[in-house]
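Going down the list, the sequences are from chains C and L. Numbering follows my numbering, in which position 107 of the first sequence is assigned residue number 107; successive positions increment by one, without gaps. Numbering follows my numbering, in which position 33 of the second sequence is assigned residue number 33; successive positions increment by one, without gaps.
Just so you know, the hints here were simulated from the structure itself, not pulled from any lab data. Each residue gets a CB set at the ideal place from its N, CA and C atoms; glycine is no exception. Possibly wrong hints are sitting among the right ones.
[Unchecked claim] Capping the alpha-carbon separation at 35 Å, the derived lysine-lysine pairs in DSBU-like fashion look like this:
no.: 1; chain 1: C; residue 1: K77; chain 2: C; residue 2: K136
no.: 2; chain 1: L; residue 1: K194; chain 2: L; residue 2: K39
no.: 3; chain 1: L; residue 1: K194; chain 2: L; residue 2: K162
no.: 4; chain 1: L; residue 1: K181; chain 2: L; residue 2: K232
no.: 5; chain 1: L; residue 1: K58; chain 2: C; residue 2: K136
no.: 6; chain 1: C; residue 1: K23; chain 2: C; residue 2: K200
no.: 7; chain 1: L; residue 1: K39; chain 2: C; residue 2: K292
no.: 8; chain 1: L; residue 1: K181; chain 2: C; residue 2: K136
no.: 9; chain 1: L; residue 1: K141; chain 2: L; residue 2: K102
no.: 10; chain 1: C; residue 1: K136; chain 2: L; residue 2: K52
no.: 11; chain 1: L; residue 1: K102; chain 2: C; residue 2: K136
no.: 12; chain 1: L; residue 1: K39; chain 2: L; residue 2: K114
no.: 13; chain 1: L; residue 1: K52; chain 2: L; residue 2: K141
no.: 14; chain 1: L; residue 1: K102; chain 2: L; residue 2: K52
no.: 15; chain 1: L; residue 1: K59; chain 2: L; residue 2: K102
no.: 16; chain 1: C; residue 1: K165; chain 2: C; residue 2: K292
no.: 17; chain 1: C; residue 1: K136; chain 2: L; residue 2: K59
no.: 18; chain 1: L; residue 1: K162; chain 2: L; residue 2: K39
[Claimed, not checked] Chain L residues, not near chain C, derived (Cβ > 12 Å throughout):
no.: 19; residue: T15
no.: 20; residue: Q179
no.: 21; residue: N212
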Amino acid sequence: MGGLTSSYINNTLAALGTTEATKDLILAFLNNAPNAASIAGFEPTEGPIVDDPLEGYGDQIKDYDIGHDVAQRIINKRNALGGFTSLSQLSGISYFGQDKFNDLLYSFTKVVYEITAIKFNYHTGSNTNDALNIRKNYSTSTPSPSWLKGSASVYADSPAAYSIKETQGNALAIRVCLKANRISAAYVRALGGGRLGRVKEKLVSFSASGNSSYQTFELENTTFHAHGINAYNIMWRWQWRLHTSDRWRDIVVTRHRIFIVLETPTLPWVQTTGSTSLPWTDALEIACNWAKGTTNKDAAASLVTQHYNGSGRVSYDTIRGKTFYGWGTYNLSEMIERLNGGLGLGEKVNCTDSANTVSTLSNLLGCDLWQSRMEWSFDLNPIIAIGYTNWAIPFSGSFSYHEVAWKGACTQNDKVFDGCLKVDSDADPTSAPHTPLLPTNMLFGGCITMNYRLRLCPPTPTGCDRCIPQPGTTRQRRSII
Amino acid sequence: MEPQYDIEQWAAATTTGRHIFNHNYRMTGNELRGWELVKSVVMQDEHDINEKVYMWQKKASEGHQLVRISIAELNHWRNAQIRLSAELHHNMQPDIPRGTGKLAQIGDINFIGKKQGSNVVAMVDFTRGNLSISVSSVGEKTVDVSKIASTLDSLFSQPPDKTEIEKGRVTVLSPRSLQMKEAETITLIEDISKPVAHGGWLKIIAPDGELNKEDDTLEYVSSKPGRKKIGKYILNQ
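Bound conformation, chain L alone:
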């Protein structure tokens, strides 16, 4: 029997990720304390999907502890979930479990993999907004990747620290708030390639509604009327 991943149920359970959008993120080597970024590899670079894989090595592990992080950027949170479903269909294990307890908080939707006969979480696949992320232990020695997955999730879903803004490492784009009608669609960014032209990472966090990239335009659809504070950040990488 084909594994059943109920994408509609996933969508119904997705709240935060509907109004989070990350664009042009890349890991540079400072993200994981105690780990060293060994290489990054472009797996797919097409109009509607960009997937990069980052190989991390635990410092002083002499290559025995390796973590592979795949980050696929799509144009919409629903497509990120479709991508996750396709990813799961390329796992040979039937009935891949969801994360429970604290693990359940990672991402909008997540699935995990544990080392046989232990509680070591060796794999976490999750979506957050328009990103589909996969964190896997791929070295000789299996390592728990749940903290790494959790760190990444926070990176993509939380606004930047105020200190980062004060130090000039983050640029906040205007306008910072908008008056919206219910179900109104507005263009947030006309050409999404412009704010990241110098290699920055664009992070958008809206209070409700949905974010969607149509070609190069980033649109926002509000779910409720009122004044909306929309965080639009360009982070130096």
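Isolated chain C, as found in the complex:
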């Protein structure tokens, strides 16, 4: 079969009153198809070219839509021409006959053909029914809207973050902008979505020009609340139909990166629109993976502490215990680069760097930690410094100061998370043998009962007695760059 003539094609288009918009849609579809499969579709799923039920044999068996071989011939002709500029150029394609041409016209004459944009965070003043305000990192904001046709190709291109506490029990929704051709209203939904849930079916109205403007869609079957902190790649398969009795037809598949935290991040993170301290997705990638599956704050901070200490990317500065990632402001950007395998500001860290990292990444997940110090010049028990495996007492036996991630008022009655060093967990930390223990959610304590303080320092006037919490002058949450 030699295919259609160009005069048949032109006469058919004229007879049907096919609009320029429809022709443009078909041309764009054929010219942008990366391969034959994207025209032929994947059987048994119908589409993207669907059979016109009013034309052909009408039995849905003999009059199937465009198959792979014909699609490949269309691609071949397109490539030979350097792209189609007119539908009459579909002439002379073997086995591309009247029925298939009708199917092509039918598929694009009345169609919801585009998801233009998706907003997860449509209410920047709250996050009870939608996503948190976020940015990519200190210097780069995230795309707004989160998903934009033509801009998002991989999951990470379309990020969103949700707080478990603030959204618990609430109906979540997104806002979506769509385009249609010669349709005034259609039902739209999206399947998939993983633990974020499906997009509930909704009747969407379109203007004469085919735009829907932003439409609020509810999510259904949302289950992330039960699974704690996480980072998910989700896909939505968007579909439409004209009438409730019609079969659903595919529009597009969109991909998104969804971060789940326990609560709205605390300082230094803020929710102020435009701030460079909005939660960074670069930091969420690390923190959510480290604390994956955790449903409470203490466990989350403990996992952050453990993963940081065991990251293998940083090690203690045994020369002077110097702060390298910033003590005025904390250079989280460089620490992220370091933790991700890059240079950062080098491998050396001290307690301030460690307290900054543990508290800042924990607070991103909704924890409520501080950086705070114990001072001054106190003797030490043997410890294992971050990045090392041996027990040692640094600097001839003492620290000038030590800084940790600390809860509450940062007093001796509050608990600490120390990513910088391991202490001895046995009954006598002053002497061997030693059993390593990374202090997570450990009471700071006094100089009588065995808690963090007595595990770090010997029970002497120059040890424990001098290791005094200093929240009044040192409790803080450093700003980040």
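Assemble the complex: chain C is given as a structure, and chain L must be docked to it using the hints.
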């Protein structure tokens, strides 16, 4: 006991740095022979302090030998020393030693750190004039940074080579000398941002007295009367 850094004693011992002022310096990659500048990072950029960190890698060391150089510019040599004191308070080692012998000549005030059980100088923190500088070995393999610190100190405290001026790489600002009364204050540069508008590095070296940046104005207070030769150089970077 809180580490005691006697800033007043530091000030009393500071002579040269009182009348040296560097503004808008940045490392470009040619400063250290045998080393490669891997990255520069702005740590703080505020009105009264600008700190940049430069990461250098020893050529052919495959990243095992790394040096971190932090240069903080302040408005006055005293503030540079206050900054150094704060820096030292963020070191966990008590009793950080001063450099001795040749090392003592680096900067106005300096403190060092040695690799345990060796004489390898792995850290030098010092001030020179209004700059607070920190040079640290931060790679897997510890390297001696004393020469690097010494090179930097010379860069900030010595006038440029005559050949550099002759080749046009350095512009000397006028007037080159001033008649001053004792304790007289004059404005050397009205708006310090103008001479470095195209990215140059401004270096001022006076024979005595003190240099001070007040907002955008660079002032000079002479300590003795007489004709003062004041070097004001704009160095291309």
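So, going through the hints one by one against the coordinates:
1. K77(C) x K136(C): Answer violated: K77(C) to K136(C) is near 43 Å, above 35 Å.
2. K194(L) x K39(L): holds, 27 Å
3. K194(L) x K162(L): holds, 24 Å
4. K181(L) x K232(L): holds, 20 Å
5. K58(L) x K136(C): Distance of about 32 Å is within 35 Å: holds.
6. K23(C) x K200(C): Since the Cα atoms of K23(C) and K200(C) sit roughly 31 Å apart, the hinted pair holds (cutoff 35 Å).
7. K39(L) x K292(C): Holds - the C-alpha atoms of K292(C) and K39(L) are around 33 Å apart, at most 35 Å.
8. K181(L) x K136(C): The hint is violated at about 58 Å.
9. K141(L) x K102(L): holds, 24 Å
10. K136(C) x K52(L): holds, 23 Å
11. K102(L) x K136(C): Violated. K102(L) to K136(C) sits at ~48 Å, over the 35 Å cutoff.
12. K39(L) x K114(L): holds, 25 Å
13. K52(L) x K141(L): The hint holds at about 23 Å.
14. K102(L) x K52(L): Cα-Cα ~27 Å, so holds.
15. K59(L) x K102(L): This hinted pair holds, its Cα atoms lying about 27 Å apart.
16. K165(C) x K292(C): Holds - the C-alpha atoms of K292(C) and K165(C) are around 16 Å apart, at most 35 Å.
17. K136(C) x K59(L): holds, 33 Å
18. K162(L) x K39(L): holds, 31 Å
19. T15: holds, 27 Å
20. Q179: Since the minimum Cβ distance to chain C is about 42 Å, Q179(L) lies beyond 12 Å and the statement holds.
21. N212: holds, 22 Å
Hints 1, 8, 11 from the earlier list are contradicted by this structure; the remaining hints agree with it.
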